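For the protein sequence lines, the chains are A and B, in the order given. As numbered in this note's numbering, residues 143 to 461 make up the first sequence, in order. As numbered in this note's numbering, residues 33 to 314 make up the second sequence, in order.
These aren't lab readings, by the way, just hints derived from the structure by calculation. Since we're looking at a predicted model, the values are computed, not measured. Don't be surprised by glycine CBs; every beta carbon is placed ideally from N, CA and C. Check the hints yourself; a few may be wrong.
To be verified - Residues of chain A placed beyond 10 Å of chain B at every Cβ, according to the derived structure: (1) 154; (2) 192; (3) 224; (4) 265; (5) 271; (6) 315; (7) 447.
Claimed, not checked - A few chain A residues that face chain B, going by a derived Cβ cut-off under 10 Å, partial list only: (8) 161; (9) 401; (10) 432.
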Amino acid sequence: MGTSLLKLVAQRVALGILLLFAMSVLIFVGTQILPGDVAQSILGQQATPESLANLREQLGLNDPAYVRYFRWLGGVLTGDLGKALSSGQDIATSIRGRLWNTLFLAFWSAIVAIPLAVILGLIAVRYRNGFIDKLISGLALASTSFPEFFIGYLLVYFFAVKLQWFPGISTVYDGMPFLERMKAIALPATALTLVVLAHMMRMTRAAILNVMQSAYIETAELKGLRPIEIIRRHAFPNAIAPVINVVMLNLAYLVVGVVVVEVIFVYPGMGQFLVDHVTKRDVPVVQAVGLIFAAVYITLNIIADVAAIVANPRLRHPK
Amino acid sequence: MSVTAAPVRRLPRIPIGAAIGLVLTALFFFAAIFAPLIAPHPLGEIVGDVWMPMSSEHWFGTDNLGRDLLSRMIYGARTTIFIAVLATALSFTLGSILGFTAAVVGGWFDMLMSRFVDLLMSIPTLIFALVVLSVLPSNLITLIMVMGILDSTRVYRLSRAVAVDINVMDFVEAAKLRGEGRAWIIFREILPNALSPLVSELGLRFIYAVLFLSSLSFLGLGVQPPEADWGGMVKENKDGIVFGIAAALIPAAAIAALAISVNLVADWVLNRTTSLKGGRGG
Chain A
143 MGTSLLKLVA QRVALGILLL FAMSVLIFVG TQILPGDVAQ SILGQQATPE SLANLREQLG
203 LNDPAYVRYF RWLGGVLTGD LGKALSSGQD IATSIRGRLW NTLFLAFWSA IVAIPLAVIL
263 GLIAVRYRNG FIDKLISGLA LASTSFPEFF IGYLLVYFFA VKLQWFPGIS TVYDGMPFLE
323 RMKAIALPAT ALTLVVLAHM MRMTRAAILN VMQSAYIETA ELKGLRPIEI IRRHAFPNAI
383 APVINVVMLN LAYLVVGVVV VEVIFVYPGM GQFLVDHVTK RDVPVVQAVG LIFAAVYITL
443 NIIADVAAIV ANPRLRHPK
Chain B
33 MSVTAAPVRR LPRIPIGAAI GLVLTALFFF AAIFAPLIAP HPLGEIVGDV WMPMSSEHWF
93 GTDNLGRDLL SRMIYGARTT IFIAVLATAL SFTLGSILGF TAAVVGGWFD MLMSRFVDLL
153 MSIPTLIFAL VVLSVLPSNL ITLIMVMGIL DSTRVYRLSR AVAVDINVMD FVEAAKLRGE
213 GRAWIIFREI LPNALSPLVS ELGLRFIYAV LFLSSLSFLG LGVQPPEADW GGMVKENKDG
273 IVFGIAAALI PAAAIAALAI SVNLVADWVL NRTTSLKGGR GG
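Start from the sequences and build out the full structure, keeping to the hints where you can.
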């Protein structure tokens with residue numbers, strides 16, 4: 143029993159690692175699809191053929207693509223992400239602090255969003271088809287249709303400019319006191335929460351409603367349990383697995399939301415870093431940051447699968 | 033009496049939400065199509081000071097360079113909707129043809145396509161788009177291609193799933209037995225029967241294209257100045273927000289309004305088509 147569980151989990155993790163390798167190929171190929179190369183983009187249009195040839199030699203661009211891929215991959219695996227073209231700085235060093243900032247922001251958004259989404263989802267099920275359910279569904283429709291920057295700038299306009307409760311630009315620095323840091327990320331974290339909340343809530347509602355259609359729920363209703371008790375004692379424990387799945391998948395959604403939200407609030411994280419370097423056409427940085435985003439996304443998906451296997455014994459015995 | 037009674041009786045069948053959505057969607061498309069005729073000022077004309085407040089002369093005020101914001105909004109509708117429509121069209125053509133082909137041909141082609149789509153879908157679309165846009169030239173064709181191709185993965189999955197079901201039905205078997213080619217099977221047998229689930233997906237994909245384009249332009253990687261779509265206009269005016277100038281909120285709200293309207297219409301169409309089939313939900 144225990145070994146079969148471990149085996150399933152190991153299989154899932156192995157699959158994830160395989161996927162991550164495939165992803166590194168995809169990202170590498172994605173940045174090689176143009177005839178113009180890195181040397182051209184560093185030196186610009188006025189470059190002489192000699193200086194181009196020199197730089198190509200220096201950067202190793204004359205090697206075939208697969209050699210360059212394995213050199214890059216080898217570097218990534220040993221923690222060497224290369225140097226940025228635009229600044230010449232070591233990418234791994236400049237990323238470290240930003241990765242921490244992004245994770246900090248995503249963590250606190252998740253801490254607020256997850257319980258809120260589950261509770262609102264439960265309430266929507268309890269008052270199904272009632273006024274509250276309709277209100278919650280309406281808000282969900284609105285928030286999935288709103289672009290992130292609309293939510294973000296509305297927050298800035300009202301809470302930073304009109305009420306002046308929080309700063310509209312989230313400056314953080316090393317050694318910043320915790321409370322000040324929390325105040326700085328209050329608005330971006332709220333924006334991120336609102337971005338993922340609706341989706342998470344709708345899927346939680348669907349997952350619990352699905353359980354509510356089982357025969358044992360009907361039995362509980364017939365023996366006269368109060369609706370909220372039915373949800374708490376019978377429906378929720380069985381809905382935990384799908385809800386965990388929903389939550390993890392939406393945390394992966396945070397990865398995307400974070401890019402736009404960081405730009406709105408000028409927050410020094412990975413998303414802003416990525417956008418800046420896409421604009422500068424700094425390929426090594428884009429490859430590195432893209433790969434890290436992909437890794438986070440894939441890891442969250444693996445955790446979702448593993449959590450589902452652990453929470454639901456039925457998944458441990460594939461037919 | 034009976035002549036006027038017929039349309040009056042039919043009106044209440046449209047729910048209020050769908051009616052609002054329909055009117056707004058029509059309005060946005062009207063603005064997009066007839067932009068040069070209804071815009072009070074040309075796209076780039078500077079008409080006054082920077083960020084003038086709303087007035088009877090300039091309904092939405094002026095933007096970061098003193099251009100009439102209402103006129104720019106109307107031209108922006110054109111750019112936004114035009115690109116989103118083209119990207120959605122590309123995504124549907126590519127996704128459905130490949131999806132149907134994979135379902136009909138099966139074997140290694142299906143395997144290869146499906147695994148590749150799985151791979152593309154296991155990275156967030158925005159992140160991969162940013163990676164690719166870091167090397168591609170910034171012009172409209174690239175933008176539409178990137179948006180269309182990345183989004184076609186979702187259409188591929190849907191149309192393959194639908195086509196796999198249809199492919200085993202008797203009339204398709206009959207067509208195969210009478211010796212029709214694959215093209216006939218795909219376009220004459222499967223396509224007409226797969227149309228209704230695909231059409232209900234169309235609205236959602238269009239909304240997604242609008243939001244995706246707006247995000248890219250907001251990040252400075254979509255439509256390039258002097259052309260402007262709504263996302264780009266949010267970017268142009270965003271610096272005013274911290275001074276309490278709400279100009280950036282107007283294009284942002286327009287994107288939200290367009291997305292909600294199309295959503296409401298798509299919902300209504302979806303409910304109607306499913307109830308017409310005497311189906312679920314009712």
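Here's how the hints hold up against the structure:
At roughly 13 Å from the closest C-beta of chain B, the C-beta of residue 154 of chain A stays outside 10 Å, upholding its exclusion from the interface. Look at residue 192 of chain A: its CB is around 24 Å from the nearest CB on chain B, clear of 10 Å, so calling it non-interface holds up. No beta-carbon of chain B is positioned within 10 Å of the beta-carbon of residue 224 of chain A; the least distance is around 15 Å. No beta-carbon of chain B is positioned within 10 Å of the beta-carbon of residue 265 of chain A; the least distance is around 22 Å.
No Cβ of chain B comes within 10 Å of the Cβ of residue 271 of chain A; the nearest lies about 13 Å off, and the non-interface call holds. Distance check on residue 315 of chain A: its Cβ is at least 20 Å (rounded) from any Cβ of chain B, clearing the 10 Å threshold; non-interface status holds. No beta-carbon of chain B comes within 10 Å of the beta-carbon of residue 447 of chain A; the shortest separation is about 12 Å. Hint on residue 161 of chain A holds. Least Cβ distance to chain B is approximately 6 Å, under the 10 Å limit.
Hint on residue 401 of chain A holds. Least Cβ distance to chain B is approximately 6 Å, under the 10 Å limit. With a cut of 10 Å, the hint placing residue 432 of chain A at the interface with chain B holds, because the nearest CB-to-CB distance is about 4 Å.
The structure shown violates none of the earlier numbered hints.
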